[in-house]
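Chains L and F supply the protein sequences, listed in that same order.
Take the first sequence: its position 108, counted from the start at 1, is 108 in the numbering used here, and no numbers get skipped.
Each number in the numbering used here comes from the position in the second sequence (counting from 1) with 1000 added on.
Since the hints were derived computationally from the structure, they do not count as laboratory data.
Treat each hint with caution, since some may be false.
Said to hold, decoys possible - Calculated lysine-lysine pairs in the BS3-like style (CA-CA distance at most 30 Å, straight line):
#1 L:LYS92 / L:LYS155
#2 L:LYS408 / F:LYS1027
#3 F:LYS1027 / L:LYS155
#4 L:LYS418 / L:LYS408
#5 L:LYS418 / F:LYS1027
To be verified - On the chain F side, residues computed to face chain L include the following (Cβ under 10 Å):
#6 ILE1006
#7 PHE1023
#8 ASP1033
#9 CYS1034
#10 ARG1040
#11 ILE1043
#12 ASP1044
A quick note: this is a predicted structure, and the numbers were derived from the prediction, not measured.
For every residue, glycine included, the Cβ atom is placed at its ideal position computed from N, Cα and C.
Residue-level listing of the chains:
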Amino acid sequence: MKAPARQLADGAAETVLIVPSMHCAGCMAKVESGLSAVPGVNAARVNLTARQVVVRHAPGMRPLALVEALGAIGFPAQPRGDDIAPPPSAAKALLAPLAVAGFAAMNVMLLSVSIWSGAEGATRELFHWLSALIGVPAILYAGRVFFASAWTVLKHGRTNMDVPISIGVILATTLSLYEVFTGGADAWFDGTLMLLLFLLAGRTLDAAMRDKARAGVDALLRQAAPGALVVGRSGAVDWLAARDLFPGMIMRVAAGERLAADGEIAAGSSRFDNSLLTGEAAPVAAGPGDAVHAGTLNLEAPVDVRVTAAGQGTTLAEIARLMGAAGQARSRYVRIADRASRLYAPAVHTLAALTFAGWMLAGAGLHQSLVIAIAVLIITCPCALGLAVPVAQVVACGALMRSGIMVKDGSALERLAKVDRALLDKTGSLTMGRPLPDPAVLDSLDAEEAGVALALASHSRHPLSRALVEALTTRQVAAQDLTEVHEEAGHGLTALWRGVPVALRRPNMAAGMAATLDIGGRATWLIPFADRLRPDAVEALAELSALGITASILSGDNAAAVAETARSLGLTAQAAASPADKQDAIARLQRSGRNVLMVGDGLNDGPALAAADASIAPGGASDVGRQAADCVFLGDSLLAIPRVVRASRRTTAVVRQNFVLAIGYNVLAVPLAMAGRVTPLIAAAAMSISSVIVIANSLRLASAAKGADQ
Amino acid sequence: MNGLAILIPIALGMGLFGLAAFFWALKSGQFDDCEGAAARILIDDEGDRLP
């Protein structure tokens, strides 16, 4: 194993393990105390946000020993490689400027209030000097965020919201400094700092939302960090990351595991679920010598696979190439805030210039005209505008996250709101993508039989057994007591129940997927397994069409299987589509002016998810699917799709209202400013009131993820 | 008015102290795991570790 352990200065080593299943204080305590009990471990500290634990241990220790120790207490874990280290947080860089702006704004405001309430002469001058002393360094430090961004776009000859902000801030600071030096009546440090504070608050919220959603998606991705158990020459078994696999190595793939590389079977035989790779739902049998592909799921028995291609040579790499070319629709998209600032910035600057020229013509002096023009700039500075978009999107994303839908960023919400055409993948998206037991048969089992089936199945990690456990547990079946439970890989489970032999095994003649339940002295039950439609699929599609979105199926599965699903849902369908076909279908719709939503989970959907205007993947999707999609929903219900579309439309409506409110305030305040009637007091009051109104309006979105009647 | 000469430095000093404390907290990693910090107080780690 390539040791991810890092040597520390004091001789100890440090390993970071990813433990995706931690979610509460109890888990933290178990993981920390469980690891501390391992000999050689000095300390273990959990980071719950990143779902990982940092272990300090003796330098000679192998990370696999730590993984095994965690596995023994019920927490599957993986050593963290460099490529899945969490990306640097976007919000953290903004916290320090936000704190400085907050500190300076409060103290300067305190001094300003004294001036407004009548401080005169030497006291006023002292307070102005103090304000400048606090304000100027704080403005330079906290304003860097905006200055840097404005400078970058200006260099490319474009403009964004940061350009009018930077110009306003710099001019106001310069003017205030001049006033301080010449003993003038008004300084604008308080307003400038407050503006920076509000804008930074909006930025920080926006970044924090992106961090949080990304952390959620990363935690999902890590659950399936690709890799394999590799059998060495001496028979030793070691876990290797997918990128360290080489042709010729032998991987041992247990039932229920996904293959990390292409290969051919060296020993054993099993059936493989190709649905993530091709969209095909029916499992494919493979024996010694047969080729199997990375990303497929081993359904039945453990097999040894000789790697024939890894990394660049695999089917996965081909899909990654297609995805690199997709995603243009998304990079062309311009966010609402940037579109607004394209109109706003020239308008504001023209107004300020006109004011200056007007007062000069009217015979006011250079100084007075400049003061009034800068008052116009400060009043129109997009304080409420800067909050209008991020606050609304943060509130909506928070509401969606609480209902199990993770939206990756604000622009995804904006693109989702425009969608008017939906393409749905079949296997894994419209259907559950995993075999489920026939509910009619489960209904006809009596309580004892169901209890025996549950007890037997709970002893196996086979996919069919796990599906059976899940189905029986939701029916609140109580497990029976068994003795002498024995599992024979590839065949099934046997045990004794009240002295009677019982068994859950593979049927002798295998037509499709099934399991037989044998209880000595009773009739044998055959429990068929099949991939089923998600619950609420019909309701979800009805809600989508009520929202004005036409849906159809776009699947890689064969025509017969797709036709059956399409008939039962009343949708049109395109079957046997390759990843490139899916991309073409989306491009065709986009050319005819539709905004396409893609719902898919598989590797074969990756390019389509990246090419569509917006995309959604279920939580059980492949890594590629989850990475390419704009949002990921947890749970089985497809109702998440109409819910997220509705929430995004409401968010866009609230953003529009916010713009109207923010601009409406300008319509009132700008004439005052142009008439030269605005003092720093009025500017400060107007700025805070308009910001509070915009925030209050956005908070109405807290219920955005609720049901259809909203 | 002489009171101002004392009060203003005190007010600013307190503000700066708060700012410095925040920077220290930021630097020492206290904002790295907000979720975990909230959960950690619930851990009952005295139960079996009492001497």
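Do the hints match the structure? See the list:
Taken as a hint, the L:LYS92 and L:LYS155 pair is honoured in the structure, with Cα atoms around 27 Å apart against an allowance of 30 Å. Among the hinted pairs, L:LYS408 with F:LYS1027 is consistent with the structure: their alpha-carbon atoms are about 27 Å apart, no more than 30 Å. Taking the CA atoms of F:LYS1027 and L:LYS155, the gap is near 33 Å; set against the 30 Å cutoff, the hint is violated. Under the criterion of a C-alpha separation no larger than 30 Å, the hint pairing L:LYS418 with L:LYS408 is consistent with the structure, at around 17 Å.
Between the alpha carbons of L:LYS418 and F:LYS1027 the distance comes to roughly 42 Å, so the proposed pair goes past 30 Å and is violated. A distance limit of 10 Å between C-beta atoms decides the matter here; for F:ILE1006 the minimum to chain L is near 14 Å, and the interface restraint is violated. With its C-beta approaching chain L no nearer than about 7 Å, F:PHE1023 sits inside the 10 Å limit, and its interface hint holds. With a cut of 10 Å, the hint placing F:ASP1033 at the interface with chain L holds, because the nearest CB-to-CB distance is about 4 Å.
Annotation: F:CYS1034 was flagged as interfacial toward chain L, and the flag holds, the nearest CB pair being 6 Å apart, inside 10 Å. At a threshold of 10 Å, the smallest CB-CB gap from F:ARG1040 to chain L is about 7 Å, leaving the interface hint in force. Interface restraint check for F:ILE1043: the shortest CB-CB distance to chain L comes to about 4 Å, inside 10 Å, so the restraint holds. With its C-beta approaching chain L no nearer than about 7 Å, F:ASP1044 sits inside the 10 Å limit, and its interface hint holds.
Of the numbered hints listed earlier, those contradicted by the structure are 3, 5 and 6.
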